Amino acid sequence: DSGVTQTPKHLITATGQRVTLRCSPRSGDLSVYWYQQSLDQGLQFLIQYYNGEERAKGNILERFSAQQFPDLHSELNLSSLELGDSALYFCASSVSGGLAFFGQGTRLTVV
Amino acid sequence: AQSVTQLGSHVSVSEGALVLLRCNYSSSVPPYLFWYVQYPNQGLQLLLKYTTGATLVKGINGFEAEFKKSETSFHLTKPSAHMSDAAEYFCAVSRGGAAGNKLTFGGGTRVLVKP
Numbered sequence: 001d002s003g004v005t006q007t008p009k010h011l012i013t014a015t016g017q018r019v020t021l022r023c024s025p026r027s028g029d030l031s032v033y034w035y036q037q038s039l040d041q042g043l044q045f046l047i048q049y050y051n052g053e054e055r056a057k058g059n060i061l062e063r064f065s066a067q068q069f070p071d072l073h074s075e076l077n078l079s080s081l082e083l084g085d086s087a088l089y090f091c092a093s094s095v096s097g098g099l100a101f102f103g104q105g106t107r108l109t110v111v
Numbered sequence: 001a002q003s004v005t006q007l008g009s010h011v012s013v014s015e016g017a018l019v020l021l022r023c024n025y026s027s028s029v030p031p032y033l034f035w036y037v038q039y040p041n042q043g044l045q046l047l048l049k050y051t052t053g054a055t056l057v058k059g060i061n062g063f064e065a066e067f068k069k070s071e072t073s074f075h076l077t078k079p080s081a082h083m084s085d086a087a088e089y090f091c092a093v094s095r096g097g098a099a100g101n102k103l104t105f106g107g108g109t110r111v112l113v114k115p
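Chains C and V, in that order, are what the protein sequence lines are. Quick note on our numbering: the first sequence kicks off at 1 and runs consecutively. Quick note on our numbering: the second sequence kicks off at 1 and runs consecutively.
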């Protein structure tokens, strides 16, 4: 158990819908990272938050957004969903720039 | 920009044989290097990491990797494969330190262990 908790584990939704993925980092970790794992794109970095502020941005679509709350949990919002958004979404956390620990992921299926 | 190339998307080894997974990276700054393993329907688990210091890094489950700056490589090895090693393995690089820990992953290598 990495200590990073992601909910839900599985999500099935229709095209055009909006979903929210939640991540609770390890106790004491200030950084949260979101990654997307898909068959065609592999593992890609989406976005990083550090202590509530956006720190780095990767290949995140404009339809996607994230935030980190004062209690340090983070949410990834995916809107206007398309079939191609079906993927495994991972959250990872770390202390400042240190080693990242990954959650079990949320498997999103868009039908 | 950083990038990671893993040679071979699939590797098949016999139980008890050497496991060798190849990883080459490119980085404009001294890299931090990682190997992660992903078992079916699981998250990513860290096997080992290189940040600074000794270039031969030992990890969990009998795996080790050697950082070779001149070859820009960080190959993963295990002397004797076990059935439980069947999984997908990812090499990753980050700039680390104050630059943050955004990971750039290779495409992954799926390992099949034959009895």
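Any given hint could be a false lead.
As the list claims (entries may be wrong) - Quick list of in silico lysine-lysine cross-link-like pairs, DSBU-like style, CA-CA up to 30 angstroms:
(1) C:LYS57 <-> V:LYS69
(2) C:LYS57 <-> V:LYS114
(3) V:LYS49 <-> C:LYS9
Unchecked claim - Partner residues aside, some chain C positions facing chain V, computed with beta carbon under 10 angstroms:
(4) SER2
(5) VAL4
(6) PRO8
(7) LEU43
(8) GLN44
(9) ARG55
(10) HIS73
(11) PHE90
(12) ALA100
(13) PHE102
(14) GLY103
(15) GLY105
(16) ARG107
Just so you know, the hints here were simulated from the structure itself, not pulled from any lab data. Please read all numbers here as calculations on a predicted model, not as lab measurements. Where is the CB? At the ideal position from N, CA and C, for every residue including glycine.
Item checked: Interface hint outcome for C:PHE90 [beta carbon to chain V under 10 angstroms] -> 6 angstroms, holds
Notebook entry, point to check: Is the shortest C-beta separation between C:VAL4 and chain V less than 10 angstroms?
Noted result: This hint holds: C:VAL4 lies near chain V, its Cβ roughly 8 angstroms from the closest one there, short of 10 angstroms.
Margin query: Less than 10 angstroms between beta-carbons is the criterion; does C:ALA100 satisfy it with respect to chain V?
Written below: The hint holds - C:ALA100 has a Cβ within 10 angstroms of chain V, the shortest such distance being about 5 angstroms.
Check: Is it true that the CA of V:LYS49 sits at most 30 angstroms from the CA of C:LYS9?
Finding: Status holds; Cα separation ~27 angstroms.
Next item on the list: For the hint on C:GLN44, just tell me whether its beta-carbon gets within less than 10 angstroms of chain V.
Entry: Since chain V brings a Cβ to about 8 angstroms from C:GLN44, closer than 10 angstroms, the hint holds.
Note to self: C:LYS57 and V:LYS114 were given as a pair; does the straight-line alpha-carbon distance stay at or below 30 angstroms?
What the structure shows: 41 angstroms, violated
Margin query: Checking hints one by one. Is C:PHE102 an interface residue toward chain V, by the C-beta closer than 10 angstroms rule?
Written below: 4 angstroms, holds
Margin query: Min Cβ distance, C:SER2 to chain V: is it shorter than 10 angstroms?
Written below: 7 angstroms, holds
Next item on the list: Please verify that hint: C:PRO8, Cβ, nearest Cβ of chain V, below 10 angstroms or not.
Entry: 14 angstroms, violated
Item checked: Pairwise hint evaluation, V:LYS69 against C:LYS57, where the allowed Cα distance is 30 angstroms at most -> Holds - the C-alpha atoms of V:LYS69 and C:LYS57 are around 28 angstroms apart, at most 30 angstroms.
Note to self: Given C:LEU43 as an interface hint, is its Cβ closer than 10 angstroms to any Cβ of chain V?
What the structure shows: This hint holds: C:LEU43 lies near chain V, its Cβ roughly 4 angstroms from the closest one there, short of 10 angstroms.
Check: Taking the closest Cβ pair, is C:ARG55 under 10 angstroms from chain V?
Finding: Holds - the Cβ of C:ARG55 comes within 10 angstroms of chain V, reaching about 6 angstroms at its closest.
Hint compliance for this structure: hints 2, 6 and 10 are broken, all remaining hints hold.
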